[in-house]
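Asks: Quick note on this note's numbering: the sequence shown kicks off at 1228 and runs consecutively.
If you're looking for bench data, these hints aren't it; they were derived computationally from the structure.
Possibly wrong hints are sitting among the right ones.
Label pairs and their computed distance ranges (CB to CB) [as the list claims (entries may be wrong)]:
| hint | residue 1 | residue 2 | range |
| --- | --- | --- | --- |
| 1 | I1328 | V1240 | 47 to 57 Å |
| 2 | I1269 | S1331 | 17 to 27 Å |
| 3 | A1260 | G1296 | 32 to 42 Å |
In silico BS3-like pairs for lysine-lysine, Cα to Cα no more than 25 Å straight-line [stated by the list, open to error]:
| hint | residue 1 | residue 2 |
| --- | --- | --- |
| 4 | K1248 | K1300 |
| 5 | K1324 | K1286 |
| 6 | K1248 | K1261 |
| 7 | K1261 | K1299 |
| 8 | K1324 | K1261 |
| 9 | K1286 | K1300 |
| 10 | K1286 | K1299 |
| 11 | K1286 | K1248 |
| 12 | K1299 | K1246 |
| 13 | K1261 | K1286 |
| 14 | K1238 | K1286 |
| 15 | K1246 | K1300 |
| 16 | K1326 | K1261 |
| 17 | K1246 | K1261 |
| 18 | K1248 | K1299 |
Predicted model only: the values in this text are computed from it and were never measured.
Don't be surprised by glycine CBs; every beta carbon is placed ideally from N, CA and C.
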Amino acid sequence: MNQDKKRNQEKQVPQEPGKIKDLCYYFLNLLSAKAWQYLGLIVHPETGRILVDLEEARKAIDLYSVILGEIKKDLSREENRELEAHLADLQLNFIEKMKEIAES
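Whole structure, please, built from the sequences with the hints as guidance.
Replies: This is the structure:
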């Protein structure tokens, strides 16, 4: 058993600590998923139903924007373009959903 333990220790390579940018990507993905769910555009996984809560959607989109603004300088041009386009898509869908609700 000591041999196995020794081999495992030898195989382990120290990892660099994660960057805040990577953590922010994770947050952006979570916020994006929640925004789509609260816009009622995808099924909410916790309920299995379509749920519309524009206040929650707005919070998720606003936080997405804030986090993106904080990491913008650490992004490549392509990453920034992709995340900005996704934010714009969320914002446009939010406006459309607001109009749809106002007209009904």
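Asks: When the hints from earlier in the document are held up against this structure, which numbers fail?
Replies: 3 and 14
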